[in-house]
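Undergrad: My request is simple: use the sequences and hints to build the entire structure.
If you read the sequence shown in this note's numbering, its first letter stands for residue 1, the second for the next number, and so on.
Worth flagging that the hints you see were computed from the coordinates, not collected in a lab. Glycine residues also receive a C-beta, built at the ideal position from the N, C-alpha and C atoms. Do not take every clue at face value.
Cβ pair distances, simulated, as ranges [claimed, not checked]:
(1) Leu83 x Leu53: 26 to 32 Å
(2) Ile205 x Val18: 14 to 20 Å
(3) Pro58 x Val122: 40 to 46 Å
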Amino acid sequence: MDWSAFLPPVIVSVKVAVVASIIVFLLATVVAWMMANCTPRRGTSVIETVLLLPLVLPPTVVGFILLILLGRKSWIGTVFESLFQQTIVFTWGAAVVAAVVVAFPLAYRTIKAGFEAVDPEVEQAARAQGANEWQVFRHITMPLAYRPLISGYILGFARGLGEFGATLMLAGNIPEQTQTLSTAIYTASEVGNMTLSWSWVAVIILFSFIMLMLSNRLVKD
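TA: Here it is in structure tokens:
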């Protein structure tokens, strides 16, 4: 097997998944904590529906929306290009953005469920002892919800690693730059290179199996 062709998509995918999963974890943790502790209002369900929407939308639709929002004709794309002399789309960073958007709902839902399972009386007791909100979050909420937090990170990593549609729309399929495992499998299968296709499929299955096994073990323990 040609290792020079095999390794680049693996490296790109792992880099994208690691960076995206860290961003997703931080965003999902903050937003999930805010949503779990906010007073239910009429607009709360609308906000949560918007947050979870990428979970049910086709990835190509998510990619199309991101392309419109971040493309050269959008104000975001125009400002970014004027500051950095390059576009957002069809770059490695665009692949990270796509992975973050599609992985966020899965991590958010898992982490929020963990926060909601924490006994509010324990948190209130800490506040009564003089702890501020950050101290309550750091020393009470996070330790009690550490399993869902870790599980949310793992699921976000796995989802980002396997992203295809949004990544193809926003970042393209540029070898050694934006070509991830999923897009590489698509390209290799189109030209009939089944050896490379199966090799990359095996890598994704292995990563996904390990991630899901770890997540399931955390839930059961």
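Undergrad: Check the structure against each numbered hint from earlier and tell me which ones fail, lowest number first.
TA: Hint check: nothing fails, all pass.
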